[in-house]
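Engineer: Listed here are the chains, written in short residue letters.
Protein chains: 2
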Amino acid sequence: MKIAFTTDLPQEGFKRLAGHELYASLDEAEILVSTFDYPVPRKMIESMPHLRLIANFGAGFNNIDLEACRERGIRVTNTPQPVIEPTAELAFALMIDIARRVSEFDRLVRAGKAQFGVMRNLSHSLYGKTIGIIGMGRIGQALARRAQAAGMHIIYHNRHRLPDEIEQKYEANYVDFQHVLQDSDYLSLNLPYTPEVHHLIGKPELGMMKRTAYLINTARGAHVDEGALIEALKSGIIAGAALDVYEHEPAISTDLLTLPNVVLSPHTGTGTWEGRIAMCENVCDNILAFIEGQTNKMNIVL
Amino acid sequence: MKIAFTTDLPQEGFKRLAGHELYASLDEAEILVSTFDYPVPRKMIESMPHLRLIANFGAGFNNIDLEACRERGIRVTNTPQPVIEPTAELAFALMIDIARRVSEFDRLVRAGKAQFGVMRNLSHSLYGKTIGIIGMGRIGQALARRAQAAGMHIIYHNRHRLPDEIEQKYEANYVDFQHVLQDSDYLSLNLPYTPEVHHLIGKPELGMMKRTAYLINTARGAHVDEGALIEALKSGIIAGAALDVYEHEPAISTDLLTLPNVVLSPHTGTGTWEGRIAMCENVCDNILAFIEGQTNKMNIVL
Numbered sequence: 001m002k003i004a005f006t007t008d009l010p011q012e013g014f015k016r017l018a019g020h021e022l023y024a025s026l027d028e029a030e031i032l033v034s035t036f037d038y039p040v041p042r043k044m045i046e047s048m049p050h051l052r053l054i055a056n057f058g059a060g061f062n063n064i065d066l067e068a069c070r071e072r073g074i075r076v077t078n079t080p081q082p083v084i085e086p087t088a089e090l091a092f093a094l095m096i097d098i099a100r101r102v103s104e105f106d107r108l109v110r111a112g113k114a115q116f117g118v119m120r121n122l123s124h125s126l127y128g129k130t131i132g133i134i135g136m137g138r139i140g141q142a143l144a145r146r147a148q149a150a151g152m153h154i155i156y157h158n159r160h161r162l163p164d165e166i167e168q169k170y171e172a173n174y175v176d177f178q179h180v181l182q183d184s185d186y187l188s189l190n191l192p193y194t195p196e197v198h199h200l201i202g203k204p205e206l207g208m209m210k211r212t213a214y215l216i217n218t219a220r221g222a223h224v225d226e227g228a229l230i231e232a233l234k235s236g237i238i239a240g241a242a243l244d245v246y247e248h249e250p251a252i253s254t255d256l257l258t259l260p261n262v263v264l265s266p267h268t269g270t271g272t273w274e275g276r277i278a279m280c281e282n283v284c285d286n287i288l289a290f291i292e293g294q295t296n297k298m299n300i301v302l
Numbered sequence: 001m002k003i004a005f006t007t008d009l010p011q012e013g014f015k016r017l018a019g020h021e022l023y024a025s026l027d028e029a030e031i032l033v034s035t036f037d038y039p040v041p042r043k044m045i046e047s048m049p050h051l052r053l054i055a056n057f058g059a060g061f062n063n064i065d066l067e068a069c070r071e072r073g074i075r076v077t078n079t080p081q082p083v084i085e086p087t088a089e090l091a092f093a094l095m096i097d098i099a100r101r102v103s104e105f106d107r108l109v110r111a112g113k114a115q116f117g118v119m120r121n122l123s124h125s126l127y128g129k130t131i132g133i134i135g136m137g138r139i140g141q142a143l144a145r146r147a148q149a150a151g152m153h154i155i156y157h158n159r160h161r162l163p164d165e166i167e168q169k170y171e172a173n174y175v176d177f178q179h180v181l182q183d184s185d186y187l188s189l190n191l192p193y194t195p196e197v198h199h200l201i202g203k204p205e206l207g208m209m210k211r212t213a214y215l216i217n218t219a220r221g222a223h224v225d226e227g228a229l230i231e232a233l234k235s236g237i238i239a240g241a242a243l244d245v246y247e248h249e250p251a252i253s254t255d256l257l258t259l260p261n262v263v264l265s266p267h268t269g270t271g272t273w274e275g276r277i278a279m280c281e282n283v284c285d286n287i288l289a290f291i292e293g294q295t296n297k298m299n300i301v302l
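First to last, the sequence lines map onto chains A and B. Residue 1 is where the first sequence starts when you use our numbering, and the numbers rise one by one after that. Residue 1 is where the second sequence starts when you use our numbering, and the numbers rise one by one after that.
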């Protein structure tokens with residue numbers, strides 16, 4: 001098989017494709033390995049006459065023109081499994097960082113401005129607090145597992161209520177959208193982006209949150225009205241925010257960059273070396289299953 | 001009772017002492033509320049002729065001249081319980097921060113230097129890695145609980161091996177000192193300071209660690225030879241360090257302040273608002289039990 005790549009990915013993740021022609025040109029390739037951040041528009045698809053499979057690297061696939069694929073009968077796969085733990089890990093990392101003011105204190109110490117003392121440098125505990133998770137899929141549940149061990153109470157909102165045994169496992173209580181906003185000390189967004197949830201968190205929703213609450217977003221930037229968030233952070237409507245994603249990515253509102261009560265991460269939810277290799281392996285799984293005609297072993301999007 | 005304070009602590013934590021004379025002068029006080037960072041030397045004790053109890057705020061009590069107390073029959077109490085969860089929480093926060101490079105990336109983003117991209121800003125997972133905990137007391141176990149939920153393998157070294165049921169609870173394996181150094185991806189110090197463990201981690205020990213390993217210290221600065229650590233960080237003997245405590249606190253070696261592979265926290269292990277109030281409440285418990293003669297309800301150090 002002739003396989004093209006949109007992006008330079010770690011070669012060690014593609015050892016199992018030895019024997020196939022890697023790095024083929026687009027006009028010859030039968031398989032395209034694309035990455036979630038690399039657009040694959042209709043025009044590009046039309047430039048690949050032999051294309052039969054797009055094996056996307058990433059859980060999301062809104063980089064690909066699915067309609068153009070459908071018309072040509074091109075299969076599309078993704079890598080949903082390896083992103084779960086790294087993304088939940090980063091959500092937890094951002095939450096504990098903003099709570100315990102780790103990045104802020106690191107900045108103070110490096111600037112020589114930190115003063116030691118028993119009533120100085122105080123922060124807030126996660127322990128005993130309530131986390132509200134919007135989007136209780138696999139990533140939300142992997143976050144819940146960590147939050148539970150951290151001594152947090154868990155409430156969640158989801159399109160569908162989860163089965164009893166999963167709720168019991170995490171001691172998680174299902175609440176409606178209004179109550180997940182009102183009752184959370186830490187509110188984490190872990191739902192996929194669709195146009196229906198554009199600006200899910202805007203000025204009215206921020207106004208319903210506790211003034212002591214923190215917002216954590218590792219899902220998609222457009223879930224949040226960034227302008228409204230900045231106003232809320234400046235005026236004390238909420239206490240702080242920890243963000244991995246931005247509404248106009250890769251642009252970040254310059255107002256965010258100087259706020260003390262935010263932690264900012266450059267879209268690294270899935271970005272661990274271990275996670276990247278696992279995602280490459282998942283791409284290989286999909287390609288090899290496709291070649292062998294084992295559609296039941298593929299992560300099929302289309 | 002006449003009660004003196006060395007330090008201005010939150011008044012809301014001492015409501016249960018209403019009726020007693022708070023903020024008494026030293027020459028009149030029968031009870032002294034001191035804090036772990038405030039020295040109570042022999043001379044100060046001698047200036048308090050009516051002193052019967054020192055109710056220390058903190059788990060540590062090496063700020064107090066115990067011998068001078070012993071000679072006068074002065075009781076000393078501490079607050080071991082409320083420090084457990086906040087300290088374990090910070091140890092976990094520092095570990096996940098250095099692994100996922102949260103503070104470093106926040107610095108990059110704020111400086112406008114972060115570039116987005118699928119193979120940029122990569123970090124390391126905790127998930128699937130091995131944490132080595134030196135000092136598996138209550139704080140070490142509270143850290144183990146969090147690490148287990150984060151998908152880590154747990155090894156520990158301790159003066160005494162823990163009972164089977166505790167090892168099984170955390171899926172923790174007891175190893176000797178050499179192996180906790182050699183086998184850990186993340187090495188966390190959670191033991192109390194005594195002169196015997198001064199410079200427990202020095203040049204030879206750092207040399208035994210993996211070159212990919214991270215050191216986390218939320219215990220006491222003098223556990224680590226700070227000069228040797230700086231050399232190890234500069235020369236790649238270990239990958240990084242996350243520190244809440246320093247050998248010559250409040251001084252921090254200036255070499256640390258500019259290293260990219262460290263996270264620095266200004267001794268805030270127990271420093272949450274919630275934790276501070278809980279520590280005040282524990283001080284009240286000890287004072288009220290002392291007044292009522294219920295020594296079995298006191299956290300007695302001496």
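Honestly, I wouldn't trust all of these hints.
In silico EDC-like cross-links for lysine to aspartate or glutamate, where the CA-CA straight-line distance does not exceed 16 Å [to be verified]: (1) K43/A with E21/A; (2) K43/A with E12/A; (3) K113/A with E249/B; (4) K113/B with D65/A; (5) K297/A with E281/A; (6) K203/A with E249/A.
Hint data in this document are derived by calculation from the structure and do not stem from the laboratory. Computed from a predicted structure; not experimentally measured.
Engineer: Does each hint hold? Answer for all of them.
Structural biologist: To see whether the hints hold, each was checked on the structure:
no. : hint               : in the structure
1   : K43/A with E21/A   : 24 Å, violated
2   : K43/A with E12/A   : 31 Å, violated
3   : K113/A with E249/B : 14 Å, holds
4   : K113/B with D65/A  : 31 Å, violated
5   : K297/A with E281/A : 13 Å, holds
6   : K203/A with E249/A : 20 Å, violated
Checked against the numbered hints above, the structure breaks hints 1, 2, 4 and 6 and satisfies the rest.
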